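Chains as they are written, first to last, in our numbering: chain A, 1 to 394; chain B, 1 to 394; chain C, 1 to 394.
Keep in mind the hints are simulated off the structure, nothing from the lab. Mixed in with the good hints there might be a few duds.
Same chains, same names: a pair is fine if it fits in one copy or spans any two.
What the hints assert, rightly or not - Computed cross-link-like contacts, BS3-like style, restricted to lysine-lysine with a CA-CA straight-line distance of at most 30 Å:
| id | residue 1 | residue 2 |
| --- | --- | --- |
| 1 | 232 | 290 |
| 2 | 295 | 60 |
| 3 | 272 | 290 |
| 4 | 272 | 213 |
| 5 | 60 | 299 |
| 6 | 261 | 179 |
| 7 | 8 | 293 |
| 8 | 290 | 179 |
| 9 | 295 | 8 |
| 10 | 293 | 261 |
| 11 | 293 | 179 |
| 12 | 8 | 60 |
| 13 | 261 | 213 |
| 14 | 272 | 341 |
Remember, it's a predicted structure, so these values are computed and weren't measured experimentally.
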Amino acid sequence: GDKGFSIKSAKGDYELQFRGLFQADARFFNGDNLGGNPGRLNDQFLLRRVEPTISGSLGKLVGFQITPQFGGDAPALLDFWGELRFDPAANVRVGRFKQPVGLENLQSSPALTFIERALPTSLVPSRDNGIQLHGQLFSQTLSYAIGVFNGGADAGDAATPDTDNRHDIAARVFAEPFKNSPGILQNLGVGIAATTGNAYGAANTVAIKSNYKSVAQNSFFAYRGTTNANGKHTHLAPQAYWYNNNYGILAEYVISRQELKNGLNERSVSHKAYQVAANYVLTGEDASFKGVKPKSPFKIGGDGWGAFEIAARTSALTLDSDTFIAGGGTSFADPTLAARKATEYGVAANWYLTTNAKIALNYEATRFDGGATALQGTDRQNERAIIARVQLAY
Amino acid sequence: GDKGFSIKSAKGDYELQFRGLFQADARFFNGDNLGGNPGRLNDQFLLRRVEPTISGSLGKLVGFQITPQFGGDAPALLDFWGELRFDPAANVRVGRFKQPVGLENLQSSPALTFIERALPTSLVPSRDNGIQLHGQLFSQTLSYAIGVFNGGADAGDAATPDTDNRHDIAARVFAEPFKNSPGILQNLGVGIAATTGNAYGAANTVAIKSNYKSVAQNSFFAYRGTTNANGKHTHLAPQAYWYNNNYGILAEYVISRQELKNGLNERSVSHKAYQVAANYVLTGEDASFKGVKPKSPFKIGGDGWGAFEIAARTSALTLDSDTFIAGGGTSFADPTLAARKATEYGVAANWYLTTNAKIALNYEATRFDGGATALQGTDRQNERAIIARVQLAY
Amino acid sequence: GDKGFSIKSAKGDYELQFRGLFQADARFFNGDNLGGNPGRLNDQFLLRRVEPTISGSLGKLVGFQITPQFGGDAPALLDFWGELRFDPAANVRVGRFKQPVGLENLQSSPALTFIERALPTSLVPSRDNGIQLHGQLFSQTLSYAIGVFNGGADAGDAATPDTDNRHDIAARVFAEPFKNSPGILQNLGVGIAATTGNAYGAANTVAIKSNYKSVAQNSFFAYRGTTNANGKHTHLAPQAYWYNNNYGILAEYVISRQELKNGLNERSVSHKAYQVAANYVLTGEDASFKGVKPKSPFKIGGDGWGAFEIAARTSALTLDSDTFIAGGGTSFADPTLAARKATEYGVAANWYLTTNAKIALNYEATRFDGGATALQGTDRQNERAIIARVQLAY
Numbered sequence: 001g002d003k004g005f006s007i008k009s010a011k012g013d014y015e016l017q018f019r020g021l022f023q024a025d026a027r028f029f030n031g032d033n034l035g036g037n038p039g040r041l042n043d044q045f046l047l048r049r050v051e052p053t054i055s056g057s058l059g060k061l062v063g064f065q066i067t068p069q070f071g072g073d074a075p076a077l078l079d080f081w082g083e084l085r086f087d088p089a090a091n092v093r094v095g096r097f098k099q100p101v102g103l104e105n106l107q108s109s110p111a112l113t114f115i116e117r118a119l120p121t122s123l124v125p126s127r128d129n130g131i132q133l134h135g136q137l138f139s140q141t142l143s144y145a146i147g148v149f150n151g152g153a154d155a156g157d158a159a160t161p162d163t164d165n166r167h168d169i170a171a172r173v174f175a176e177p178f179k180n181s182p183g184i185l186q187n188l189g190v191g192i193a194a195t196t197g198n199a200y201g202a203a204n205t206v207a208i209k210s211n212y213k214s215v216a217q218n219s220f221f222a223y224r225g226t227t228n229a230n231g232k233h234t235h236l237a238p239q240a241y242w243y244n245n246n247y248g249i250l251a252e253y254v255i256s257r258q259e260l261k262n263g264l265n266e267r268s269v270s271h272k273a274y275q276v277a278a279n280y281v282l283t284g285e286d287a288s289f290k291g292v293k294p295k296s297p298f299k300i301g302g303d304g305w306g307a308f309e310i311a312a313r314t315s316a317l318t319l320d321s322d323t324f325i326a327g328g329g330t331s332f333a334d335p336t337l338a339a340r341k342a343t344e345y346g347v348a349a350n351w352y353l354t355t356n357a358k359i360a361l362n363y364e365a366t367r368f369d370g371g372a373t374a375l376q377g378t379d380r381q382n383e384r385a386i387i388a389r390v391q392l393a394y
Numbered sequence: 001g002d003k004g005f006s007i008k009s010a011k012g013d014y015e016l017q018f019r020g021l022f023q024a025d026a027r028f029f030n031g032d033n034l035g036g037n038p039g040r041l042n043d044q045f046l047l048r049r050v051e052p053t054i055s056g057s058l059g060k061l062v063g064f065q066i067t068p069q070f071g072g073d074a075p076a077l078l079d080f081w082g083e084l085r086f087d088p089a090a091n092v093r094v095g096r097f098k099q100p101v102g103l104e105n106l107q108s109s110p111a112l113t114f115i116e117r118a119l120p121t122s123l124v125p126s127r128d129n130g131i132q133l134h135g136q137l138f139s140q141t142l143s144y145a146i147g148v149f150n151g152g153a154d155a156g157d158a159a160t161p162d163t164d165n166r167h168d169i170a171a172r173v174f175a176e177p178f179k180n181s182p183g184i185l186q187n188l189g190v191g192i193a194a195t196t197g198n199a200y201g202a203a204n205t206v207a208i209k210s211n212y213k214s215v216a217q218n219s220f221f222a223y224r225g226t227t228n229a230n231g232k233h234t235h236l237a238p239q240a241y242w243y244n245n246n247y248g249i250l251a252e253y254v255i256s257r258q259e260l261k262n263g264l265n266e267r268s269v270s271h272k273a274y275q276v277a278a279n280y281v282l283t284g285e286d287a288s289f290k291g292v293k294p295k296s297p298f299k300i301g302g303d304g305w306g307a308f309e310i311a312a313r314t315s316a317l318t319l320d321s322d323t324f325i326a327g328g329g330t331s332f333a334d335p336t337l338a339a340r341k342a343t344e345y346g347v348a349a350n351w352y353l354t355t356n357a358k359i360a361l362n363y364e365a366t367r368f369d370g371g372a373t374a375l376q377g378t379d380r381q382n383e384r385a386i387i388a389r390v391q392l393a394y
Numbered sequence: 001g002d003k004g005f006s007i008k009s010a011k012g013d014y015e016l017q018f019r020g021l022f023q024a025d026a027r028f029f030n031g032d033n034l035g036g037n038p039g040r041l042n043d044q045f046l047l048r049r050v051e052p053t054i055s056g057s058l059g060k061l062v063g064f065q066i067t068p069q070f071g072g073d074a075p076a077l078l079d080f081w082g083e084l085r086f087d088p089a090a091n092v093r094v095g096r097f098k099q100p101v102g103l104e105n106l107q108s109s110p111a112l113t114f115i116e117r118a119l120p121t122s123l124v125p126s127r128d129n130g131i132q133l134h135g136q137l138f139s140q141t142l143s144y145a146i147g148v149f150n151g152g153a154d155a156g157d158a159a160t161p162d163t164d165n166r167h168d169i170a171a172r173v174f175a176e177p178f179k180n181s182p183g184i185l186q187n188l189g190v191g192i193a194a195t196t197g198n199a200y201g202a203a204n205t206v207a208i209k210s211n212y213k214s215v216a217q218n219s220f221f222a223y224r225g226t227t228n229a230n231g232k233h234t235h236l237a238p239q240a241y242w243y244n245n246n247y248g249i250l251a252e253y254v255i256s257r258q259e260l261k262n263g264l265n266e267r268s269v270s271h272k273a274y275q276v277a278a279n280y281v282l283t284g285e286d287a288s289f290k291g292v293k294p295k296s297p298f299k300i301g302g303d304g305w306g307a308f309e310i311a312a313r314t315s316a317l318t319l320d321s322d323t324f325i326a327g328g329g330t331s332f333a334d335p336t337l338a339a340r341k342a343t344e345y346g347v348a349a350n351w352y353l354t355t356n357a358k359i360a361l362n363y364e365a366t367r368f369d370g371g372a373t374a375l376q377g378t379d380r381q382n383e384r385a386i387i388a389r390v391q392l393a394y
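Just chain A, same shape as in the assembly:
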């Protein structure tokens, strides 16, 4: 069917599901000279995600998911976990999966309104190896998750193997208080997530993320190679969404605080990011955190045209100003190479041909503060990108 294929046992309690996600993108940059030949950032066709998933249940107790990533430039490991489902309120998951922190980071890739996630996702940890207890309470109006993980840096999946003996704890609660009461607030969700842990190690290792990327996936900030993680690393992430009929809004805020060291320069820095995004389905289908399902799928000959959606958002990521101060040593980042703030504005038009096929077009403009030499104008050049995507998901 339109939500994947499955093989079931006669009694139905053993089930193997095959799902897939395929995203082929084209990126075009304009008005910069930040790239190589012939001068601007690198236009290209790319396979953004090719993720065949095998998931299933082995009786009522056991669930699992295996999702390798074949897109990008080399195969990679995404969600590989098993789960013991003792109760809807108490499931134990082990393996590799997303830490329960960032709201848009936890939204599934095929359901994203924009082609790329906004800047706050750069500040939260993503997939990591660990063990997690999670469930739903109070007639499913409250979700919770708490886990212990190897501990990774901000932005992206944690590398393996883990190279220190430190672990992180992450927890998240998310309430949809009116979930069971039809009305304007039925699809309102509010939550908060936090992590705490210690990390030690040099830049470019699992302990400290060397770079943050713009929405169009170009690095605009990197620590100096001599900067080290040097102690406590915490995150705090309040978050909310509200969907009503054919429109919705999603907002989140993230603080990532980490103790760093470069020579004699030791201090704690707090990086911050936020986003506000709104979407509107022109053809009237329900907007939701799980994506849009067209009422009348596109058919050759014109009986149906699918669903159309428009969206707009803004997000920003601000590096702590202490990042660039050389107190008794060397600064953690070079202000002529690493920007101290990125501010993004994006608009999107989505065409859902069928439940499985989507064509998306985004325009993304990002303004930077800092990140260039005085000769270059002190600010990194604005980035303007047109990104197109064909997405198939089943």
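Based on these hints, arrange chains B and C on the given structure of chain A.
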């Protein structure tokens, strides 16, 4: 069934197919001292291709294919594409797939008559990221494809990510004018393909292929490391096949023209290759571009023995003589290391046990002009290889 | 069902099976200062094995298996083979699979009693590319296998591509003389395996394994980088198991003999290893080489609790003392870095919740002789590890 396994929705318009290709080879070399310990090219068992494929259709509009490669020395990405099927005459494909150029390169791997493709495949681009319009016209007697791709070098799949802002256009038309008229010419096909694009970059990058390989997969030509792609790169590839009853013939010709630069030495070179191959099915089954299907599959006890086929071919690849001339700078390739011509003769015996299982034995002799020092006799030693394969495909 | 999912053709002779193995481990070390920050070996969560398998039969003649490995730090290639099944007594397998040598190495990963295999597995070759004849004779009381392989080093899967022209021959016979006679000796098995071949090449190459690892996967022995394989490499491996009702015992012995060379120091060394392991199923289920299947699976609410098993074992690996002697040159290994003997003691507790889900807890202590400087006490520090595993297999 013998053509793969599938899961279908009740209405049949959603289908997930599982197919697989498995090729285990043994290669033995004889009469050379080109290799390491103990002196000749490296005999070995190898997994040439291990390619499980997931393909399917999501309603009438959407098709897709995902084929990773697990053979070779590391997992790799082969055909990863999605397709919108507006009409048999107009399909839009996006993702990673073969550029529509070389005839034998476009023949599917399990259907090849010989274990390895002939020398012209070294001169054509293969898989690349892009978008393509393709279809069949005039009662399926004319196939066409035209696409825009990141742009890769000759011989083999394009590396990712693409590192320049240049793209290639590739187009191919192939006619089978008598396809719907039973008779001696029914399976005659004639076509031509061409590409054009610009490439800049050093040897060993995506812009310029550093080496061409013999049929037995040993490199006989490489550019100097200082040679750069320096502008336009085009291909022209006329091609044809003719199958009638239990015999067939396949022929193709390729010109690959590319602007190169090494220091002050700038010029355009044209490399050329051709092949002519003929096959004959001893047991009388139809020969075809899609392989041979045995009438009476091999059974323990002797009711059936499968199908037997023999084949012979010759191919050659000639490097432009300008490749070796140092006009005002350094030559593009070192004539004492890189051969200027390879000429291949091959014979094959194939045993199709069942539709799914094939055992193949090839003898391949390749003669080289150039590619050695005067002391070594100026010509690279002949390569003589016996290659055996067990192939399972479903 | 509990043994995987399958798609069959109507007649049943074409079958595609999907199976999976998922092992998420946690490792904790104690009482050493062999590791990095903060001083002891590296605690971590890890995905030990993520192995989705596609296997099947294409008619009665053809079988195949494809098992990639997604656990660990990068995707890898495990069992990729095809097979022609002429007769239960005569099957020809080609591709990549385990050499028929070590007993515990040949036990399937999900059926292991302990989380990690014991030390003898370090001395036997594992997966390699090759061709093998195997089958069962005398009413299945005798299994045999003989194969020709590229030839790899001890301990772990052979790297590809093979870099010498030498091949190895491996053979194994294993008898279960009373297999068809119910009684106390029905599940007694006794066998022997041997290999012979030549290997030339430097340490860290396919020819010579650079390191042997403790049960908790830390390297305790490595050859010097200048040590070369220099000729014949043989293995001899007597082996046996005996299972009766709810208990069992497994024992094996391995001699790995290899000619080495470091400068003028040329000699043959013989490394030896053994293990004895015993297991006891507290809940009364049958113990077997293929694992334990709980009679009353765990159910929420308490109707069943699954099966419980305890086990103990000891194993040791002794390096030839000639390894550390510098006869006319340099010794093959540095005695202050490479231990000359490892002795392991392990205990295990296993909880089989269902046929598919298992939770295991092991304590492993390993004592080393040598492998440290006089200042460090000449012996490498003892290794004490607690290893926990959640395993899902279908």
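*30 Å Cα cut-off: does residue 293 pair with residue 179 within a copy, between copies, both or neither?*
So residue 293 and residue 179 pass the 30 Å test inside one copy only (20 Å; across, 42 Å).
*Same-copy or cross-copy closeness of residue 232 to residue 290 [CA-CA at most 30 Å]*: neither (34 Å within a copy, 46 Å between copies)
_Identical-chain pair category, residue 293 with residue 261, by Cα at 30 Å_ = Result: close neither inside a copy nor across copies, 49 Å intra and 54 Å inter.
*Using 30 Å as the alpha-carbon threshold, which applies to residue 60 and residue 299: within, between, both, or neither?*
Close across copies (9 Å), not inside one copy (39 Å); limit 30 Å.
_Within, between, both or neither: how does the pair residue 290, residue 179 come out at a Cα-Cα threshold of 30 Å?_
Intra 15 Å, inter 48 Å, cutoff 30 Å: intra-copy only.
*Is it within, between, both, or neither for residue 272 and residue 290, if the alpha carbons may be no more than 30 Å apart?*
Answer is within; shortest intra-copy Cα gap is 26 Å, inter-copy 54 Å.
*30 Å Cα cut-off: does residue 272 pair with residue 213 within a copy, between copies, both or neither?*
within (14 Å within a copy, 44 Å between copies)
*Under a CA distance limit of 30 Å, which applies to residue 295 and residue 8: within one copy, between copies, both, or neither?*
Both: 29 Å inside a copy, 23 Å across copies.
*Under a CA distance limit of 30 Å, which applies to residue 295 and residue 60: within one copy, between copies, both, or neither?*
For residue 295 and residue 60, only the inter-copy Cα distance (17 Å) is at most 30 Å; the intra-copy one is 33 Å.
*When no copy is specified for residue 8 and residue 293, does a C-alpha distance of 30 Å or less occur within a copy, between copies, both, or neither?*
Classified as both; 26 Å inside a copy, 22 Å across copies.
*State whether the alpha carbon distance between residue 261 and residue 213 is at most 30 Å within one copy, between copies, both, or neither.*
within (22 Å within a copy, 35 Å between copies)
*asked:* With identical chains, the pair residue 272 and residue 341 could be close in the same copy or across copies; at 30 Å between alpha carbons, which is it: within, between, both, or neither?
replied: For residue 272 and residue 341, the Cα distance is within 30 Å only inside one copy (10 Å; across copies 53 Å).
This entry does not satisfy hints 1, 6, 10, going by the numbered hints stated previously.
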